[in-house]
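> Chains as they are written, first to last, in this note's numbering: chain A, 1 to 119; chain Z, 1001 to 1247.
Hints are computed from structural coordinates only; laboratory data are not their basis.
Careful, some of the hints might be misleading.
[Said to hold, decoys possible] With a cut-off of at most 30 Å between alpha-carbon atoms, the simulated DSBU-like pairs for lysine-lysine come out as follows:
id, chain 1, residue 1, chain 2, residue 2
1, A, 113, Z, 1056
2, Z, 1152, Z, 1105
3, Z, 1217, A, 113
4, Z, 1152, Z, 1217
5, A, 92, Z, 1217
[Claimed, not checked] A few chain A positions that, by computed beta-carbon distances, are all more than 12 Å from chain Z:
id, residue
6, 13
7, 15
8, 50
9, 56
10, 57
11, 58
12, 60
[What the hints assert, rightly or not] Computed footprint of chain A on chain Z, listed as stretches where at least three residues anywhere in the stretch have a Cβ under 8 Å from a Cβ of chain A:
id, segment
13, 1076-1082
14, 1095-1109
The C-beta atom is built at its ideal place from N, Cα and C for all residues, glycine as well.
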Amino acid sequence: MDRLLNVMTGLSALLILLVLASVRRARIRVEYSVTWLIGAAALLGLSRARGLLDAIAGWLGVPYPPLALLLIVGCVFVIIFYRFSVIISQLKDDNIALAQRVAILEYHIQSLKDQAAGC
Amino acid sequence: MITSDGTGRLLILIPAFNEEGAVGGVVGAVKAAVPGTPVLVVDDCSLDATVMVARKAGADVLALPHHLGLGGSVQAGYKLAFELGYEFVIRVDGDGQHDARDIPKVFEALRSSGCEMVIGSRYVNGNNGGTSVVRAAGIRFFRTVLRPILGKPVRDPTSGFVGVNRGALAVFIGSFPLEFPEIEALVVLQRRRFRFVEVPCRMLPRRSGHSTITPMKSIYYIVHVLLGVFVNVLKYERRVPKKSRRS
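The shape of chain A in the complex, shown without the other chains (with noise of 0.2 Å):
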């Protein structure tokens, strides 16, 4: 069982680092950053406090407390998952109007400028 714990306490550390090393870099905005670490950084404290482990087991029913702690990990990745998911669909909107008002507007440029060389 401790060695379950430990592996995730280590993974949970290497993705702290991950998104840290990330967001440095500017591979990923501070904003974005915000959400993998929080969900970490609680998988990092629950893989470390055995008794708060063994009370969210308990109260969920779950005899084996690490697997308790899987669950709580795939749960927070679901929301993370759904949350980016949100961002994404926004973002392609948003691209997408984007894009036309460019095409738009690259129109109207080139009609004015015929309009000009006509006259």
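For this one, chain A is given, so just place chain Z on it according to the hints.
Then chain Z, alone, in the frame of chain A:
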């Protein structure tokens, strides 16, 4: 360049993606069918010479900066048409499958019927349209699904030969399905209690190229469109009561 000078109030919209082999002929056929009517080709960031060929054939071109898909292209054209004040827009596909000689028929129905949308249908008057067995089965399936939603039968819900008036344009510039738009667009209009009518039209073989629809894409198409239909059905807050629409 097309303008809103009121000469006819009709714009022909041709979405095109890598259609250099067909779009010139389509533009030529449209110009022959409805002389003097402005033709706008919306180029969905083609990798070939679609833009050049369309311009050479006498069309104006709205060139998108990157690939948006069919719905994004058509909506871009609708937005420009709306900005320029056009009353009617008829969409003809860039692959040459729609017979441009049917455009006057669609336009007449658009003006005289009072409907917000007119669909050029392969199946009205008992015509089977000459489509493949798989596609025909898909169309039959969507007819069945749409019948209770639309409150009336639609014979050819996947037709891209569609005319819309300014009322529909006003809706579509804000809300238009971006992938496989034909069926969902019907539901979008129905949610606002707009009406449509079908007129018989001919379908021609593609002028060039081939269909990219594979069996896997067909399944994706069905699932995607079904989901889109039901999402639109659930948008009760956007429904317009009959009274306010009539006023």
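> Work down the list of hints and note, for each, if the structure agrees.
How the hints compare with the structure:
A hinted pair counts as satisfied when its Cα atoms are at most 30 Å apart, and residue 113 of chain A with residue 1056 of chain Z qualifies at roughly 19 Å. The straight-line distance between the Cα atoms of residue 1152 of chain Z and residue 1105 of chain Z is roughly 22 Å, inside the 30 Å bound, and the hint therefore holds. Restraint check for residue 1217 of chain Z and residue 113 of chain A: not satisfied, since their Cα atoms lie roughly 43 Å apart, outside the 30 Å limit. Straight-line distance between C-alpha atoms of residue 1152 of chain Z and residue 1217 of chain Z comes to about 28 Å, which keeps the hinted pair within the 30 Å bound.
Between residue 92 of chain A and residue 1217 of chain Z the alpha-carbon distance is near 21 Å, which keeps this suggested pair within the 30 Å criterion. At roughly 40 Å from the closest C-beta of chain Z, the C-beta of residue 13 of chain A stays outside 12 Å, upholding its exclusion from the interface. Distance check for residue 15 of chain A against chain Z: the nearest CB is about 33 Å away, which clears 12 Å, and the non-interface claim stands. Non-interface status of residue 50 of chain A relative to chain Z is upheld: no Cβ of that chain comes within 12 Å, the nearest being about 44 Å off.
Interface exclusion of residue 56 of chain A from chain Z stands, the closest Cβ pair being 36 Å apart, more than 12 Å. At roughly 37 Å from the closest C-beta of chain Z, the C-beta of residue 57 of chain A stays outside 12 Å, upholding its exclusion from the interface. The non-interface label for residue 58 of chain A is consistent with chain Z: the shortest C-beta to C-beta separation is roughly 40 Å, beyond 12 Å. At roughly 33 Å, the least C-beta separation between residue 60 of chain A and chain Z is larger than 12 Å, which holds for a residue marked as non-interface.
Closer than 8 Å: that is the beta-carbon criterion, and the segment 1076-1082 of chain Z has 3 residues meeting it against chain A, so the requirement of 3 holds. Restraint check on the segment 1095-1109 of chain Z versus chain A: 0 residues with Cβ-Cβ distances below 8 Å, three needed, restraint violated.
Going down the numbered hints, you'll see the structure goes against 3, 14, while the others check out.
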